[in-house]
Amino acid sequence: MEKNDLIIHLQDICFNYPGSPQVLDRLDLKFYRGNRIGLMGPNGSGKTTLFHIVMGLLKPSSGSIEIFNRPVKTEKDFIRVREKIGLLFQDADDQLFSPTVLEDVAFGPLNMGKSRDEAMDIARNTLNFLGLTGFEDRITYKLSGGEKKLVSLATVLAMEPEVLLFDEPTSGLDDRTKATLKDVLAGLDLSYIIISHEMDFLDEIADSIYSMDNGKILFDKEVHVHQHVHAHPHGAYNHEHN
Amino acid sequence: MIEELANGDSFIRRLDPRGKIVVVFLFSMVVASANRLQVLLCALVLGLLIVLAAKVPVKELVRRLIPVNMLILFFWLFLPFTFGGEPLLHIGPLAVTREGLLYATRITLKSNAMMLMLIALVASTPISTMGHAMHTLGIPQKIVHLFFFTYRYIHVIYREYFRLKNSMKIRGFTPKTNLHTYKTFAYMVGMLLVRSFDRGQRVHNAMLCRGFKGNLYSLSKFSFKKGDIVSVVFMLTLIILLGVLEWKKTI
Ligand SMILES: Nc1ncnc2c1ncn2[C@@H]1O[C@H](COP(=O)(O)OP(=O)(O)O)[C@@H](O)[C@H]1O
Ligand SMILES: [Mg+2]
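Chains as they are written, first to last, in the numbering used here: chain V, 1 to 242; chain U, 1001 to 1251.
Since the hints were derived computationally from the structure, they do not count as laboratory data.
Note that the coordinates shown come from a computational prediction; the quantities given were computed from them, not determined experimentally.
One or more hints might be untrue.
[Unchecked claim] Cut-off 30 Å, straight-line C-alpha distance, at most; resulting in silico cross-link-like pairs (DSS-like, lysine-lysine): (1) V:K114 - U:K1142; (2) U:K1169 - V:K148; (3) U:K1169 - V:K30; (4) U:K1213 - V:K142.
[As the list claims (entries may be wrong)] Output of the computed footprint for chain U on chain V, the stretches with three or more beta carbons under 8 Å from beta carbons of chain U: (5) 84-96; (6) 110-117; (7) 152-162.
[Unchecked claim] Quick list of simulated restraints, FRET-style, between CB atoms: (8) U:L1071 - V:S61: 47 to 55 Å; (9) V:K142 - U:K1213: 55 to 63 Å; (10) V:D183 - U:K1176: 33 to 41 Å; (11) U:A1032 - V:P21: 52 to 60 Å; (12) U:L1073 - V:K142: 57 to 65 Å; (13) V:D121 - U:L1073: 48 to 56 Å; (14) V:P71 - U:G1227: 53 to 61 Å; (15) U:D1198 - V:S61: 19 to 27 Å; (16) V:K142 - U:P1057: 16 to 24 Å; (17) U:F1147 - V:S20: 33 to 41 Å; (18) U:G1227 - V:R138: 24 to 32 Å.
All residues carry an ideal CB built from backbone N, CA and C; glycine is no exception.
Bound-form chain V, shown alone (with noise of 0.2 Å):
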């Protein structure tokens, strides 16, 4: 890979919750452009941890990090990767602030500087893209749980990101809700991580698949040198056989 494709670049990132162990432990991280990963990992493994140290939202103790081949350390610097880079929460309720749909999802691209017009024209257009038609006035605190995420998926998009992190997008959604989530994915050209516990949802929609561990990312070569004869993805993740 070229270097100029290198997106996101993490080297020896230590990181832990006030008084709490070690969560992330000298986390490597090399992800370039294209690339689609699924990242599994056992609750509390520190995935969630790992985007919000990207996006600046919690700053490592120790480590580098590189977006867009550029060093990031001040909130100065990551007020332009969250431009680039968009995260989609966890928890939808976290994500969604706005009492009607089309002013949240209007809300990033009001921040970098569109006008009024486009910015509705923009979550007017992102909503319809995702199926979402006629959801503009809608109160965002009482859509459903698999609305919220679409709506929230909106939000992000919206902006118009050339990354996307996904924080278990799956959680809560019907099969119908799932399908429209992987044909908006294969329709998109971005890269993107998700965090997901879905191993059917990622062999479909991601390249390789990344597991974590003991606060480190295992990588696919990992994956091959795990003691598991069958080199299939489930060896980088813990899993019984039955």
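Here the structure of chain V is known, so what remains is to put chain U with the ligands in place on it, guided by the hints.
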């Protein structure tokens, strides 16, 4: 509980929110500084008429007036006895004074008149619109944010409260007067604060991820139409009239 009242359609609902805010503000100023009972009575009647015009459901209206009037009731319990002045009537060792009664009456009229106007404003304007209107009126960004986020987080706390309550209910909790109940309620309040704080933090993070730099933009465009001008001028005239009545001591 904090469901917006703004659902019915009324003439007042369609008015420009900026005009409404200015009118309510000036009305409150005049009423707060007025002292004559006649003026306060007129203000109360005006408030009632406006609330009627805004088509606030009576049940909602009463529900919103009760807390204020509970407080006022409390004033009535001691104000008439503790105010120095001409005694009108003796109850045991206590004397009810004319000044005390007047004072309590004034407070009652003032508070209710202002509450009625405020209810009419809130009932006829969605909260987010109100925030943006305040901004375009030149109210400092910081205060508008405070207003907006207070509203937003009251929702958050309220929903957390429901979640906690349900999780207690499904495990068979029924409040009684025993230590277990008190302890459970204490835990609940503690959890409520901590969880709301956490969620507030996460919502803020989500906003940062979407490029929030401290500015809120509005999608609603306000336009001051002929109806707005007429209503504002009409209301201003009435408010000035109240002021003149107070000052000139006519009637
Ligand atoms: N705000 C927090 N304060 C303290 N510890 C936390 C906080 N958030 C998460 N943790 C801890 O950090 C670890 C990793 O959490 P997280 O990144 O959310 O895991 P995952 O997303 O993989 O389930 C867990 O052990 C969790 O208990
Ligand atoms: Mg997580």
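So, going through the hints one by one against the coordinates:
| no. | hint | verdict |
| --- | --- | --- |
| 1 | V:K114 - U:K1142 | holds (22 Å) |
| 2 | U:K1169 - V:K148 | holds (26 Å) |
| 3 | U:K1169 - V:K30 | violated (48 Å) |
| 4 | U:K1213 - V:K142 | holds (27 Å) |
| 5 | 84-96 | holds (count 7) |
| 6 | 110-117 | holds (count 4) |
| 7 | 152-162 | holds (count 3) |
| 8 | U:L1071 - V:S61: 47 to 55 Å | holds (51 Å) |
| 9 | V:K142 - U:K1213: 55 to 63 Å | violated (29 Å) |
| 10 | V:D183 - U:K1176: 33 to 41 Å | violated (54 Å) |
| 11 | U:A1032 - V:P21: 52 to 60 Å | holds (57 Å) |
| 12 | U:L1073 - V:K142: 57 to 65 Å | violated (36 Å) |
| 13 | V:D121 - U:L1073: 48 to 56 Å | holds (54 Å) |
| 14 | V:P71 - U:G1227: 53 to 61 Å | holds (58 Å) |
| 15 | U:D1198 - V:S61: 19 to 27 Å | holds (21 Å) |
| 16 | V:K142 - U:P1057: 16 to 24 Å | holds (20 Å) |
| 17 | U:F1147 - V:S20: 33 to 41 Å | holds (36 Å) |
| 18 | U:G1227 - V:R138: 24 to 32 Å | holds (29 Å) |
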